[in-house]
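Required output: the full structure, derived from the provided sequences and hints.
There are 4 protein chains.
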Amino acid sequence: MTVRFGLLGAGRIGKVHARAIGSNQAARLVAVADAAEQAARDISDAYGAEMRTIDQIEQASDIDAVVICTPTDTHADLIERFARAGKAIFCEKPIDLDVGRVEECLAVVEQTGAALMVGFNRRFDPHFMAVRKTIDEGAIGTVEMVTITSRDPGPPPIDYIKRSGGIFRDMTIHDFDMARYLLGEEPVSVSAHASVLVDKAIGEAGDYDSVSVILETGSGKQALISNSRRATYGYDQRIEVHGSKGMVAAENQRPVSIEVANEKGYTRPPLHDFFMTRYTEAYANEIAAFIAAMSAGRKASPGGADGLAALRLADAALLSAREGRTVRL
Amino acid sequence: MTVRFGLLGAGRIGKVHARAIGSNQAARLVAVADAAEQAARDISDAYGAEMRTIDQIEQASDIDAVVICTPTDTHADLIERFARAGKAIFCEKPIDLDVGRVEECLAVVEQTGAALMVGFNRRFDPHFMAVRKTIDEGAIGTVEMVTITSRDPGPPPIDYIKRSGGIFRDMTIHDFDMARYLLGEEPVSVSAHASVLVDKAIGEAGDYDSVSVILETGSGKQALISNSRRATYGYDQRIEVHGSKGMVAAENQRPVSIEVANEKGYTRPPLHDFFMTRYTEAYANEIAAFIAAMSAGRKASPGGADGLAALRLADAALLSAREGRTVRL
Amino acid sequence: MTVRFGLLGAGRIGKVHARAIGSNQAARLVAVADAAEQAARDISDAYGAEMRTIDQIEQASDIDAVVICTPTDTHADLIERFARAGKAIFCEKPIDLDVGRVEECLAVVEQTGAALMVGFNRRFDPHFMAVRKTIDEGAIGTVEMVTITSRDPGPPPIDYIKRSGGIFRDMTIHDFDMARYLLGEEPVSVSAHASVLVDKAIGEAGDYDSVSVILETGSGKQALISNSRRATYGYDQRIEVHGSKGMVAAENQRPVSIEVANEKGYTRPPLHDFFMTRYTEAYANEIAAFIAAMSAGRKASPGGADGLAALRLADAALLSAREGRTVRL
Amino acid sequence: MTVRFGLLGAGRIGKVHARAIGSNQAARLVAVADAAEQAARDISDAYGAEMRTIDQIEQASDIDAVVICTPTDTHADLIERFARAGKAIFCEKPIDLDVGRVEECLAVVEQTGAALMVGFNRRFDPHFMAVRKTIDEGAIGTVEMVTITSRDPGPPPIDYIKRSGGIFRDMTIHDFDMARYLLGEEPVSVSAHASVLVDKAIGEAGDYDSVSVILETGSGKQALISNSRRATYGYDQRIEVHGSKGMVAAENQRPVSIEVANEKGYTRPPLHDFFMTRYTEAYANEIAAFIAAMSAGRKASPGGADGLAALRLADAALLSAREGRTVRL
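Each protein sequence line maps, in turn, to chains D, R, A and V.
Numbering of the first sequence is given in the working numbering, commencing with residue 1 and proceeding in unit increments.
Numbering of the second sequence is given in the working numbering, commencing with residue 1 and proceeding in unit increments.
Numbering of the third sequence is given in the working numbering, commencing with residue 1 and proceeding in unit increments.
Numbering of the fourth sequence is given in the working numbering, commencing with residue 1 and proceeding in unit increments.
Incorrect hints may have been included.
What the hints assert, rightly or not - Straight line, CA to CA, 20 angstroms or less: simulated PhoX-like cross-link-like pairs of lysine-lysine:
no.: 1; chain 1: R; residue 1: LYS264; chain 2: A; residue 2: LYS264
no.: 2; chain 1: V; residue 1: LYS200; chain 2: R; residue 2: LYS245
no.: 3; chain 1: V; residue 1: LYS264; chain 2: D; residue 2: LYS264
no.: 4; chain 1: A; residue 1: LYS200; chain 2: D; residue 2: LYS245
no.: 5; chain 1: D; residue 1: LYS264; chain 2: A; residue 2: LYS245
no.: 6; chain 1: V; residue 1: LYS200; chain 2: R; residue 2: LYS264
no.: 7; chain 1: V; residue 1: LYS264; chain 2: R; residue 2: LYS133
no.: 8; chain 1: V; residue 1: LYS245; chain 2: R; residue 2: LYS200
no.: 9; chain 1: V; residue 1: LYS245; chain 2: A; residue 2: LYS264
no.: 10; chain 1: D; residue 1: LYS264; chain 2: R; residue 2: LYS245
no.: 11; chain 1: D; residue 1: LYS245; chain 2: A; residue 2: LYS264
no.: 12; chain 1: R; residue 1: LYS245; chain 2: V; residue 2: LYS264
no.: 13; chain 1: V; residue 1: LYS264; chain 2: A; residue 2: LYS245
no.: 14; chain 1: A; residue 1: LYS133; chain 2: D; residue 2: LYS264
no.: 15; chain 1: A; residue 1: LYS264; chain 2: D; residue 2: LYS133
no.: 16; chain 1: A; residue 1: LYS245; chain 2: D; residue 2: LYS200
no.: 17; chain 1: V; residue 1: LYS245; chain 2: R; residue 2: LYS264
What the hints assert, rightly or not - Restraint ranges, calculated between C-beta atoms of paired labels, are given here:
no.: 18; chain 1: V; residue 1: GLY303; chain 2: A; residue 2: ARG163; range: 52 to 58 angstroms
no.: 19; chain 1: V; residue 1: LYS264; chain 2: D; residue 2: ALA201; range: 22 to 28 angstroms
no.: 20; chain 1: R; residue 1: SER219; chain 2: V; residue 2: ASP136; range: 38 to 44 angstroms
no.: 21; chain 1: D; residue 1: GLY100; chain 2: A; residue 2: ARG12; range: 55 to 61 angstroms
no.: 22; chain 1: D; residue 1: ARG298; chain 2: V; residue 2: LYS264; range: 56 to 62 angstroms
no.: 23; chain 1: R; residue 1: GLU251; chain 2: A; residue 2: ASP136; range: 27 to 33 angstroms
Derived from the structure by calculation, the hints contain no laboratory data.
We put the beta carbon where it would ideally sit given N, CA and C, even for glycine.
Structure below.
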């Protein structure tokens, strides 16, 4: 069985998913929709997909699943429409910036019985999957402390910042999901500190660019998250899990791993420049997992509840940082 | 322009090239030929290629180029046939195990003006390319000493060994090509030592499994090559170039780069299991380079002369090891 | 000029300092005092020092400086006595577990004009010193975020825990000092989470064994500290500083740095087993800095004010963890 | 029992041994002899040793052992004199540059029953010792191939070169000893290539500065040695042993192990600047092993036969390089 896809949104992340679908032998990209015609055409040309409107895709009988890569404020509406249209849905994070709206949307998903997977791509990175597998095999005993370092190479445009819901909902949300994935237990309290150290304009837009967060679970497990909107040496993505019997860590990845030595020392090249190159395999694995779940009639994971849980942590962290207090969930 | 390919041979390395062609947007795999029907069918199904005979491919007007992945003893004949048929040719190494036969074959290529590229895939590994680029940029000054460590995870079947032409022509030949590529100057003398340390059956088949080679160029640059047919920790592929101003090295690659620590220490997973996974990107880049050269009307490199030069080094090394003497070229 | 030392306390850390003094050509260990006669004799024999009482050392005219390695609850009294006796004083951290008592003691030091250095040995580790030097040279721009991972190989005896003042005053205090040293700015707020994950008996003794702390300075710089009383892979001591132009990190140290590869992967030995081996050079550098300051008539650093500042952070962290709130200083 | 030492020669390596003796609690440096008075006085002052002539040390009843650090051409004479004088002897490598003279000298050692240890310091490096221990424990199975990379930071003065006996006897000799130590079997054939790539003046002095050597043992084990007189990135000292069950490697050491990341990549500092800092622990361990052997009445190892074996390999390598042929021993 080949899963027939419609792609909603042909921007940066849409292209990433188009490539993942295009190189998956169990999938075919049938249609792409985007108001920006050239972006849609590029994908159409590259993968032999038709250019259609969202309405046409909604009504199409030759589409089994959609990938939602449109702006965040359209996600919840589109999920509801395509859930009602009986399509399987893969939606980029977040479902919405508002917890109440996410809850409404998930109620529709529940009622319609639609398959919904949320795009926390990092769960599908082979290195992070190996970390999780190491935990599952018992090699480090009981998980005690998770440390996540996540720094973007540089800040996005201020316009993006303004629509992003803020750093906790836009950037840290991936780390909240990763912390949940690795802790294996829900956080019950959050302490966050947030500053503007990278670019004053980010502060003027009401957001932060440098944050530190501690999550604590009911049994006292802890997760530390360190975020910055700028790392001169590339896209810094590290996780480390400390347990009763040992430790497992996933190091950074670089596109080229040579080392040059001279009188100044030994130098390795910078890290990947951003998520499109760093997480190429993760995006391919993610769509493959979505397809595999569809084929097997299983629920795809992470699902709507995971999206909601991460958003709640983001809201709690924002409250913690703003009011300078530990927030209990 | 899309380059239309015929694939001759659907075995292990044939599959690797089929995948590289299949994922290259400037190429299309039109036909595949293999006496082993199931192998041909697998590739046919996966890439939408027709199953044809070699004769049919030779005469086809819808084929621009062939990739020769058949057994070594057919390479020279096929190169000659397809050179005469006006096709561009990508041939897996070696062209032939006999220098005289290679010279004859290259004469035909010369006469027909055919485009011929020889499959020294390692030249297209992104890490080794970065080593070469570092040299070209002058970052390590003048090249003085090249060190190549190349160990297979385990020996091939004895039947393969018997037909292989011996370790120097089958395995070290890649390192001879890499040494030439990095030295930037032709070796003029060779000292080789060869032993049977891994498997006595290899010795009984008249071959060696563990070899050390020194190459020296006219100006005194040196290359050291260390080969073993068995490395318990995976496919060991390292190069290091020492120059007047510094050193550049390409480290081993692993499919998953985590580290697990416990009371026994810090453990990283083994290396890639063999060339198909280690050199995935190299194979894709190699075919891309072949296509790019065709499109640009340039000679693809490495060509027939490179194949011949590496074979001559292999013959010299064998002579050196057998007779216990340094051999001058 | 040779500085003549009296050592007060011949226990584990006393031995470390005796060795540092013994191998410093500008110093001589003249006397050692300890109620445990065998411990004192061991040091006396090894370094040719006399065994004396604390009173004798206090009144001795052949002693320029003392190193206080007695139990914590004697530190403040001894500092006051030797300050009045006109000796230079090196005192192991902490000065006292009570901020008020520390303030009294420092007032005496102030009045007497005594030289007082406090034993934050990590400031003298060559790797951490190189981190600081990198910052001072401007190589990473403005410091933004400091990350400190500090894990003991295993918990101390419960008796020690009971007298220790708790993990924040006993263990994290080193990290608070390191954070101050690297941030270059005083923290103004602290959020700490603390759990008992390693050993219930630690919890029953009223202490924690696993803590996470965020410090924030007035300008929004942040420091993250992760502590555990147990790391199966050795004494885990890492620092990383992220700045506007780059990042600098000091990795863990191991006594032997080989790597063994086999079918299970690549394994490096565990880390140093604890501070005596990990910080051998730091202890030697520390005493050398104390001696150098004395010789130059400079104030030794870190001094009493640094000891007090770290203790205040420890108290604030304990309050934060106990009451589940961010504490402002 | 304290071993009472006389030091012959107070130059660079003499100072290294004086420090090792000075910090060993089972040893005392009683006397130092050097025609260069200031050099002798420096050591005398630092360690409380008397300045004596070689004759005085030879006849002294308060000297148990001598450390010979004088110029190479005096080694054999001094060994004979002190063997006859009944002193234990530690002699820096080489015993002599001439195999015949070494044999004569060792005959005297044999007749007198003197204890003689030769200064192959690298056998006592903790990292290389751990490599050997790993082999002895069977962790890599049977040794098959040893790879030694050994590069000096820069060439010595031409005057030194002229008296050195050439690179094979002066520099590679350490690697020949290390190869013997790790192979566990004597080499029976040698192929060496040698060039002048670093400094023409070295060639004009009749020596080489860049050499590659293959050693082969009777059972076919192989060792590869790569030497250069210049490495811009520091004192490059690596060994790797490949066996039937795995591989063990000792990486380079650096005085400070931090990493600085910025837009140009990740940079670690250069290696140690030379043997005095790189092998500090090795020199201390070496003297400790000499003392321990004396105390236990055991023969110290490596002894005269090891010095002779390494010199024979050096001579064979020189012959191989000069005549362009493999040399059988």
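Hints and how they fare:
no.	hint	in the structure
1	R:LYS264 / A:LYS264	holds, 13 angstroms
2	V:LYS200 / R:LYS245	holds, 16 angstroms
3	V:LYS264 / D:LYS264	holds, 13 angstroms
4	A:LYS200 / D:LYS245	holds, 16 angstroms
5	D:LYS264 / A:LYS245	holds, 18 angstroms
6	V:LYS200 / R:LYS264	violated, 50 angstroms
7	V:LYS264 / R:LYS133	holds, 16 angstroms
8	V:LYS245 / R:LYS200	holds, 16 angstroms
9	V:LYS245 / A:LYS264	holds, 11 angstroms
10	D:LYS264 / R:LYS245	holds, 11 angstroms
11	D:LYS245 / A:LYS264	holds, 18 angstroms
12	R:LYS245 / V:LYS264	holds, 18 angstroms
13	V:LYS264 / A:LYS245	holds, 11 angstroms
14	A:LYS133 / D:LYS264	holds, 16 angstroms
15	A:LYS264 / D:LYS133	holds, 16 angstroms
16	A:LYS245 / D:LYS200	holds, 16 angstroms
17	V:LYS245 / R:LYS264	holds, 18 angstroms
18	V:GLY303 / A:ARG163: 52 to 58 angstroms	holds, 54 angstroms
19	V:LYS264 / D:ALA201: 22 to 28 angstroms	holds, 27 angstroms
20	R:SER219 / V:ASP136: 38 to 44 angstroms	holds, 43 angstroms
21	D:GLY100 / A:ARG12: 55 to 61 angstroms	holds, 59 angstroms
22	D:ARG298 / V:LYS264: 56 to 62 angstroms	violated, 47 angstroms
23	R:GLU251 / A:ASP136: 27 to 33 angstroms	holds, 32 angstroms
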